Amino acid sequence: MDIIKTHIDGVVIIEPRIFSDERGYFFESFSQREFNEKVAHINFVQDNESSSVYGVVRGLHFQRPPHAQSKLVRVVKGRVLDVAVDIRPQSPTFGKHVAVELSDLNHRQLFIPQGFAHGFAVLSDTAIFQYKCDNFYALQAEGAIAWNDPRLAIDWQLPLDKIILSRKDMANPTIEQVDLSFF
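Everything in the sequence shown is counted per the numbering used here, starting at 1389 for the first residue and increasing by one.
By construction, these hints were calculated from the structure, which means they are not laboratory data.
Any given hint might turn out to be false.
[As the list claims (entries may be wrong)] In silico BS3-like links for lysine-lysine, alpha-carbon gap of 25 Å or less:
| no. | residue 1 | residue 2 |
| --- | --- | --- |
| 1 | K1426 | K1550 |
| 2 | K1556 | K1426 |
| 3 | K1484 | K1556 |
| 4 | K1426 | K1393 |
| 5 | K1484 | K1426 |
[Unchecked claim] Across the chosen pairs, the derived CB separations fall in these ranges:
| no. | residue 1 | residue 2 | range |
| --- | --- | --- | --- |
| 6 | R1411 | N1436 | 28 to 34 Å |
| 7 | I1392 | N1431 | 37 to 43 Å |
| 8 | P1547 | S1438 | 32 to 38 Å |
| 9 | R1405 | I1516 | 20 to 26 Å |
| 10 | Q1478 | D1409 | 47 to 53 Å |
| 11 | Y1413 | I1392 | 25 to 31 Å |
On a predicted model such as this, the values are computed, not experimentally measured, just so you know.
Glycine included, every Cβ here is placed at the ideal spot set by N, Cα and C.
Could you put the whole structure together from the sequences, leaning on the hints where they help?
Below you can see the structure in the form of structure tokens.
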């Protein structure tokens, strides 16, 4: 796998080596050994998958310590804009974000360490999104930030009238309204 650093320390894009021929393609989507050597020593404990239609924006979600989660995310069908926002108050990149297109064509993955809010927007008709987590989900540790927080200025690459949100995500607070002192 090839590792591409982003402008935020710890958030990296992973590009697999793809072997193609007339039959199709093959790639190794995850190797614990290679991940530990090139990215971080992480023990993933939970895999999740979601299916969404065009215009869905999920996020920006995070888990508070001690249930904070690092994530390794990828798209197995379709195309999304994946976003990681630094929510570590003492970080020099606090409030900054990385936005990367992940698709079933580029096979890219994004590694998001603990201390980040995460979300994505579906840019194709449908998308199947998979992610690994290094901590189990805990309802009591759930947190979120508004997808449209003006301070974050995220371009979700969707027309506003096409965005579909959960009832919960419609009511998320801004980054300034959330207690982030635990990071």
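Here is how each hint holds up against the structure:
no. : hint                         : verdict
1   : K1426 with K1550             : violated, 38 Å
2   : K1556 with K1426             : violated, 36 Å
3   : K1484 with K1556             : holds, 23 Å
4   : K1426 with K1393             : holds, 11 Å
5   : K1484 with K1426             : holds, 24 Å
6   : R1411 with N1436: 28 to 34 Å : holds, 30 Å
7   : I1392 with N1431: 37 to 43 Å : violated, 23 Å
8   : P1547 with S1438: 32 to 38 Å : violated, 22 Å
9   : R1405 with I1516: 20 to 26 Å : holds, 22 Å
10  : Q1478 with D1409: 47 to 53 Å : holds, 49 Å
11  : Y1413 with I1392: 25 to 31 Å : violated, 20 Å
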